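Novice: Sequence:
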Amino acid sequence: MIPRYEPQKIEGKWQERWAEGHLYEVLEDNSRPKWYELTMFPYTSGDVHIGHWYAMAPSDVHARFKRMQGYNVLHPMGFDAFGLPAENAAIRRNIHPFEWTMKNVQNMRSQLKSMGAMYDWKREVVTCLPEYYRWTQWFFLKLYQAGLAYQMEAPANFCPTCQTVLANEQVINGLCERCGSEVTHRKLSQWFLRITRYAEELLDFSRIEWPEKIKIMQENWIGKSEGMEVSFSADCGEVKVFTTRPDTLFGVTFMVFAPEHPLVPNLATQDRLREVERYIDDTQKRSEIERTSLSRSKSGVFLGSYAVNKVSGERIPIFISDYVLLTYGTGVVMGVPAHDQRDFEFALQFSLPIKVVIAPLDYDGEDLTCAYTGPGMMINSGQFDHLPSEVARERMSDFVEKRGYGERKTIYHLRDWLISRQRYWGAPIPIVHCPGCGVVPVPEKDLPVLLPPDAEFKPTGDSPLRRCPSFVNTVCPRCGAEAERETDTMDTFMCSSWYFLRYTSPDADSCPFDPQKLAHWMPVDQYTGGAEHAVMHLLYSRFFVKAMRDTGILGFDEPFLRLFNQGTIVVEHAKMSKSRGNVTAPDDYVSKLGADSVRVYLMFIGPWDEGGEWNDQGISGISRWLKRIWNLISGGRESSPPYDDRRLIQMTHRTIKKTTLDIERFHFNTAISALMEFTNYLQGAKGISPEGWDEATSTLLLLLAPLAPHISEELWERTGHKYSIHTQAWPKYEEGLTQEDQVTLVVEVNGKVRDRVVVPSSIIEQEAKDLALNREKVKSHIQGRRIDRVIYVPKKLVNIVVS
RNA sequence: GCCGAAGUGGCGGAAUGGUAGACGCGACGGUCUCAAAAACCGUUGAGGGGAAACUCUCGUGUCGGUUCGACUCCGACCUUCGGCACCA
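Under the numbering used here, the first sequence has 254 at position 254, and the numbering climbs by one with no breaks.
Read the hints as simulated data drawn from the structure, not as lab findings.
Please read all numbers here as calculations on a predicted model, not as lab measurements.
Where hints are given, some of them may not hold.
[What the hints assert, rightly or not] For each label pair, taking beta carbons as the anchor points, the in silico distance ranges come out as:
# : residue 1 : residue 2 : range
1 : K575      : K779      : 57 to 65 angstroms
2 : V570      : P443      : 44 to 52 angstroms
3 : D454      : T410      : 47 to 55 angstroms
4 : D454      : E407      : 51 to 59 angstroms
5 : G382      : F205      : 41 to 49 angstroms
For each residue, glycine too, the CB sits at the ideal point set by N, CA and C.
Work the whole structure out from these sequences, hints included.
Specialist: As structure tokens, this is what we get:
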């Protein structure tokens, strides 16, 4: 009597045994090559849903696979625990963010444990605990000492609902990423990190193997532009503009300042002052979404003053308009309406001259209906006339530099990283403001600056910590005078920019990490996670590592050598979200069908990087398959001589090969289908020797072990093997044994399949061709026609070309 | 608007220049059963011809091209999804 496959009975049992036996605890071990396989840690949102499993189960499979291949594998897990949603949820439920978050951590930890992953839970990190954020603060101090952290009064994106400042990355189409409110602006003194200093190095991907898509997204985000900074003479002095089109310098007919530009009050004439002030006011009130709406026609105000274009000697009027951004370039643009669409629209609006300086092909001097941005022949440009614009661009740049009117310059779209948050639930910025000494960093020995548990954290637009006197009031570490603490907390991306370092030595309490252990494990060999972190987390982490390398505390350039982005799992054709009500929890499936079925099904849906649709019926196919394996292996096999294992051996080696290559490249779906085919074969196989059978079924279990760790462990034990299957070596294949001794040769006439013939794989070309030409089915198709040529593809086909 | 990915049976998908639809789901038929479920066996891209063994035609978003041969390579377009977007 075969015992039934009851995953509920075996999964918990093995999870306990693995934990008791410390099967997944990992230590540095120089006898084996190391492999650091990291999955992006989850945000402590409350529950683990199928999307978390989709991110974690496949990377666990890959990590297990690497371990069986002989690597010493570090595969840790932790929780990203600071941040706005925790605070918002806590406010709604009237419970403290710490309590709410730690409850979620506990809940999520136990849900994740049900997955049966090989996480070494001794290495868990939780970013909101003082023993962790102490080091987040320490990193801030290091950045400060290196001159990479600075404070600046700046107009910041502000969400009126969340009552907080947002980074540019958190503003989506002018809306708050979290709550969807329209973002407005506020002027606040805030902390920035000088990521722009690393813009050029961050564009260098030569040391890492990342998906093209992510590299392109980072490139676009960094947004390198090469051009010139050119000086114009305005009434109040020199004004610099940035342009990527120095070839259009003769076409400048006006100049536009960003409304908030500090020189604007000096440039506005008395009679224009009121109108100018009103426009600046309007701009500030207008939301980002309104301001950037492309359908809106260009607005602006003439300042009443003029500038001189030194290159052409022409006098041009100066305007302000909200289409010019203070934060990009110099905050001033030269208006070239003929060759820039935005300038063109502005010129139409204000009836400004449109001077064509680059003639499109077939240009007959007529008025343009839109800006011409392509290359062409220079006209109306003095000594540069008749040059192709590409040539003129260089000549003009040389000319401008020689005369001292300006210089070539490269600028970036990337801005410095704003890390100040006017919120409670984050790591406090370790700075003291002293009336005498000014900005004073908290000494390292005084870290952590603890988040006071009793602060009122409900949002008021002001930092909650500001209203907590016991926190604010302190003494200056330098002079001992009464002073105040910085009350802003840090962006949570600060916490996630170094967590992968902490896993290497999570218990270190006199430093953020043990340098030797760090050197042993870092960099991460394989990082996996969602593409939504392409330009934030992944860019910030790279910056962190480079900055720390330059301060001498790290010895490598990149945190993540290889990156793989999984796709999104959808339910009912839609992304899972609470508002849609389609959040699918794995727990029910786990208790009904087992974690192994859920794991395998998620990987079987389709290619991991493309995501897929969760389907309740689909998972039953996987459940059936595991049950078939169970019955097949625990049922044993009766067979009598004569035996012939040749086909079995070939199938075994082919399956090992396919599974090995596919898991290596994260093609789990095809690896699983290969294992299914092998199962189907074993079910029907006849005349197998007992030894051959044992060999084949053990191999099947070993290949299944990373995918379905529980059932494979159970069957491994039941077939009399030594604990544990997860410490066994990955099966090896012999290329020679994967070869077929017979192949099906396809016979085509003019590219159409007309016949198939089974031949020994050793067949030579002439034999194959002769055979093909003499097949009955083929003869009828070539009868009475001339044979032009016969194409032979070894072991594949013969194609007879007739006319 | 710009950048990127993807379009294949009823469904998820496989095949990266050589048998299109592996594997799985669903559906249909059968075995077992008083019956059902489960399990097992078989059929399953569309259309035509044939009593049948079989056989022919069409078929991978659309249109064109390269090739003996195209889901696969090239060109143009359409659709869907992701990202960026007044970046001078």
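Novice: Now, for every hint given, state plainly whether the structure supports it.
Specialist: Outcome of the hint check:
The hint said 57 to 65 angstroms for the Cβ distance between K575 and K779, and at roughly 58 angstroms that hint holds. In this structure the supplied range 44 to 52 angstroms holds for V570 paired with P443, their Cβ-Cβ distance being about 51 angstroms. For the pair D454 and T410, the beta carbons lie near 50 angstroms from each other, so the given range of 47 to 55 angstroms is met. Distance hint check: the CB atoms of D454 and E407 are about 56 angstroms apart, consistent with the given range 51 to 59 angstroms.
A beta carbon spacing of about 43 angstroms between G382 and F205 agrees with the range 41 to 49 angstroms that was offered as a hint.
The earlier numbered hints are all upheld by this structure, with none contradicted.
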